[in-house]
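**Student:** Start from chain W and add chain C according to the hints.
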Amino acid sequence: KNQVEQSPQSLIILEGKNCTLQCNYTVSPFSNLRWYKQDTGRGPVSLTIMTFSENTKSNGRYTATLDADTKQSSLHITASQLSDSASYICVVSATTGANNLFFGTGTRLTVIP
Amino acid sequence: DAGVIQSPRHEVTEMGQEVTLRCKPISGHDYLFWYRQTMMRGLELLIYFNNNVPIDDSGMPEDRFSAKMPNASFSTLKIQPSEPRDSAVYFCASSLPGQGKSYTFGSGTRLTVV
Chain W
1 KNQVEQSPQS
11 LIILEGKNCT
21 LQCNYTVSPF
31 SNLRWYKQDT
41 GRGPVSLTIM
51 TFSENTKSNG
61 RYTATLDADT
71 KQSSLHITAS
81 QLSDSASYIC
91 VVSATTGANN
101 LFFGTGTRLT
111 VIP
Chain C
1 DAGVIQSPRH
11 EVTEMGQEVT
21 LRCKPISGHD
31 YLFWYRQTMM
41 RGLELLIYFN
51 NNVPIDDSGM
61 PEDRFSAKMP
71 NASFSTLKIQ
81 PSEPRDSAVY
91 FCASSLPGQG
101 KSYTFGSGTR
111 LTVV
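Chains as they are written, first to last, in this note's numbering: chain W, 1 to 113; chain C, 1 to 114.
Simulated from the structure, these hints should not be mistaken for lab results.
What you are looking at is a predicted structure, and each value in this text was computed from that prediction instead of being measured.
It is possible that part of the hints are untrue.
To be verified - Computed cross-link-like contacts, SDA-like style, restricted to lysine to any residue with a CA-CA straight-line distance of at most 25 Å:
hint, chain 1, residue 1, chain 2, residue 2
1, W, 1, C, 42
2, W, 57, C, 104
3, W, 1, C, 98
4, W, 1, C, 39
As the list claims (entries may be wrong) - Sample of chain C residues at the chain W side, in silico, Cβ under 10 Å:
hint, residue
5, 37
6, 40
7, 89
8, 108
C-beta atoms are modelled at their ideal positions from N, C-alpha and C, and glycine is treated no differently.
Only chain W is shown next, with the shape it has when bound in the complex (with noise of 0.2 Å):
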C-alpha cells in the first residue's frame, strides 16, 4: 500500500535553532518527492523537488534529503524564524499519472521568540 508517513507530528523549537522533519514513503514505483510549506490559511507553497537521483536539494535555509534506498526524506531548516511557523507537507509521487500524489498529514512546527 502507498503510504506517506511524516514525524513527528507537531515540533516546537526556540528562534534560531535548527531542527528536522522526517518523511518516510512506501511509494512505488517512485518518481519523485517534494516538501511544502503550508502557512495558516494558505494553501501549500513548493519547497523542493527530488528526483530518484538526487540525494540534497537545498532552498535558502531548507535543506532536503532523501535516501531512495531506505525510502526516506528529511527536511531540515536551519536558523529557523519566527515565520517558519507552519505546517510542512511531504509528498511523494508514483512514476505512473498526473494524479500519483501520495500526501503525508504534515508536521506543525511552531517558532517561538
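**Tutor:** Okay, now just chain C, sitting in the frame of chain W:
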C-alpha cells in the same frame, strides 16, 4: 501572475443546501486538481482535469459531489446536498504537464456545514 484564485475564501451553510466552490487556474496550466484537507486525513485528491476534461474522479466521496471545467480558466466544485461531514478546506491546484512540475495551490475555501 495572480496565482490560482479560489472563491469564496469562507463559506458557512446549512445542512442540505447546495454549495459551489470556484477556481481560476494559472493561465497556461493544463492540469487542474481539486483537493480536500481535514485535520484527520490531510490532503486528499478529489478529481483532476487535463485540458478541461475530467481524467480521474475516483476521489470524489459521493454522488453529492460534482465538478466541472467549462473552459481553461474556470472550474467549479459543487456539493448538493451538503452535510456537516463535508466541512473542510477545499483547495484547487494547477500545474503544467510533466512529473517534475510543481503544483501551485490556491488559498483554499474553508467550508463549514452546520
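**Student:** All hints, please: hold or fail.
**Tutor:** Cross-check of the supplied hints:
1. 1/W / 42/C: Roughly 17 Å between the alpha carbons, so the hint for residue 1/W and residue 42/C holds.
2. 57/W / 104/C: The given pair, whose Cα atoms are some 20 Å apart, holds under the 25 Å limit.
3. 1/W / 98/C: Given that 25 Å is the threshold and the Cα spacing comes to 24 Å, the pair holds.
4. 1/W / 39/C: Holds, at about 22 Å.
5. 37: Holds: closest Cβ of chain W sits about 9 Å from residue 37/C, inside 10 Å.
6. 40: holds (8 Å)
7. 89: holds (9 Å)
8. 108: Holds. Min distance 5 Å.
Checked against the numbered hints above, the structure violates none of them.
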